[in-house]
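Q: Two chains, two separate frames, one set of hints: put the complex together.
For reference, the chains in residue letters:
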Amino acid sequence: MSRSIAAILLSAAALLIHGCAVQGRPFEKASAPPDNAVIYVYRPYHYGSSLLRPAVTCGEDSARIGPGGYHAFVVPAGSEPILCSVEGAETADQVEIDPHTRVYYIREEFVWGVLSGHPHLNPVDTDQAHIEIAECCVQEP
Amino acid sequence: MKLRLKRSLLLSAGLTLAASVAIGCSVQQPAVTPPVAEAPPHPLPFKGRLADGDADAVPPAVAMSLSSNSAVTFSYREELTHDDYHIPLIVSALDPVTYVGAPLGDLGVTAFASLSITDGDRVLGDYTAKVHISKSYSLYSEPTHRAVEQAARVAVRQKIDQKLYRDADRLAVAVAGSNQSLPLGGTSQSAAVGNFDQPAVPAAGK
Chain Z
613 MSRSIAAILL SAAALLIHGC AVQGRPFEKA SAPPDNAVIY VYRPYHYGSS LLRPAVTCGE
673 DSARIGPGGY HAFVVPAGSE PILCSVEGAE TADQVEIDPH TRVYYIREEF VWGVLSGHPH
733 LNPVDTDQAH IEIAECCVQE P
Chain B
2 MKLRLKRSLL LSAGLTLAAS VAIGCSVQQP AVTPPVAEAP PHPLPFKGRL ADGDADAVPP
62 AVAMSLSSNS AVTFSYREEL THDDYHIPLI VSALDPVTYV GAPLGDLGVT AFASLSITDG
122 DRVLGDYTAK VHISKSYSLY SEPTHRAVEQ AARVAVRQKI DQKLYRDADR LAVAVAGSNQ
182 SLPLGGTSQS AAVGNFDQPA VPAAGK
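Line by line, the protein sequences are chains Z and B. Take any residue in the first sequence, count from 1 to its spot, add 612: that is its number in the numbering used here. Take any residue in the second sequence, count from 1 to its spot, add 1: that is its number in the numbering used here.
Chain B with its partners taken away, still in its complex shape (with noise of 0.2 angstroms):
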């Protein structure tokens, strides 16, 4: 008697799995729109000194761009934040997906980059992004937070990047009009133009 119930116990919780896993299967995704075309790293159409942030730690536009001796300036700073999720271990430990390699929770990191171009007192732009990057785990697999910290990076520098080059156009005529009022031999913090109370140029790509 004891046989039978449990084979029969066993059969439906095969047909369960088996009928779960055809209904996941038979559910047709729809597909994501693939990302907008961006820009290929490449450097801006000025020169600019690295004021305040790390030089291996910038967006790949700025890195070709440095110059030790250039007026103009920028100043990166990142910040990361992590909040990771997590099913409860009550929840997971009792069900049967956990135990063939359903995500138990993920691991998420938030990255905020903010970028400022100066020359002297003069602001000729302002740049701020934000990326939420997250990777799940299961019991066999699980992301190091370093992985998830890098591709965080990654993802704000790129849009920093994009904002930049979309921006590119403007700034290239805003550091032109400083240079060209430069009295010869002066350096720009003398002879920044325009209004030092007011930015050159609203903050851009906020």
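Chain Z extracted, bound-state conformation (with noise of 0.2 angstroms):
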């Protein structure tokens, strides 16, 4: 009896976790005026990931991206390198992106920490981001 009690709890919970995954339109290319650098931030979906959503900033536009997100940011290619930043409750982490009108691919990253997930910013090459970016949807805001 209490196995199975455990059992329908612990399906319930792999159920929570799931729909937590970000439930939006499939991947699509930005499309973004002249003299702008493209860059699509992508968390992808791991079972059981982290739950929180720490904010991203890219130049001056932020988003909160869940698991199975991506969200495309759209930054005026100017002199001065390009800024992305993501807090999180315990530790920060950021990258310098070059100021070119080209698309780039930044994955967010959680790794473990005491109490909650550590987020990283990591810079990935166009092609293994193809791949991945295509697993996820869009984060509606």
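Think of the hints as simulated: they come from the structure by calculation, not from any bench. Note that this is a predicted model, so its numbers are computed, not measured. All C-beta atoms in this analysis are idealised placements derived from N, C-alpha and C, irrespective of residue type, glycine included. One or more of the hints may lead you astray.
[Unchecked claim] Quick look at which bits of chain B chain Z covers, simulated, 3 or more residues with Cβ under 8 angstroms:
hint : stretch
1    : 80-89
2    : 103-115
3    : 122-135
A: In structure tokens, the structure reads:
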């Protein structure tokens, strides 16, 4: 009896955790005006990944990206590097992007922390990113 | 039999917790690049009158450059938007780390600020800045919305200040140019130079 209750609870928990993945339109390329860089920040879905959604900021735009989601930042390409940052509960991370009018891909990852996952921003090469981001959905605001 | 089962469950839970803590501690966090040194607050090379905005809620550089009888005017606006995020209660309630102080979400505020510097109909400078600030909360500690809002206001004002300082030389020349073109006893409104349909300078600091 207690085993069946435990099984039901576990299944419910698994469904809940899976239900927290981003449910939006599948990946589609963002259009940007000339003289702008497009930076896709995506967060591949991992079973049991952190449910926190720290805000990612690129240039002056911010977005909270959930597991399995992505956001396209369109940032004017000037002379200064474009700064992308994420601030978790315990740590922060940032990357600098060259201010060129091209497309960049950044993967948001979480590593183990004491009490919560620590977010990291990792620039990814285009070929690998195309495969990974294809499984992500657009992060609805 | 039941007692033994309970003991083994407790033991395995303890070991799992210890392992996760050990893994968490072993991860070496890369140091975040310290922010580029920013200029400390100082007055602008000209004075201006606050035409729109609250004198107690403007960027420090503007506050230090206010004068009630200047022809140059400042118009400053701030907008705040909230975007809090909460882990669903049904998930956090079942998560053991919740009870040892793991974050349950965060309070986020986006501050958008715009500053226009004009001399009559002539736009000398137009600056915008946007920042997002978030503070996480747990079962035992929670920042107030007011504190997060204040942090966002301070950050966005600093950003406007830095844009002003970068553009200070050009602004000083533009203001001096306006003053030179003033006829004796005239006002800037009547004597502003340049084509009124075009700003004196392209919008800067966007």
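Q: State the violated hints by number, sorted upward, taking the hints as numbered earlier in the document.
A: Those not satisfied: there are none.
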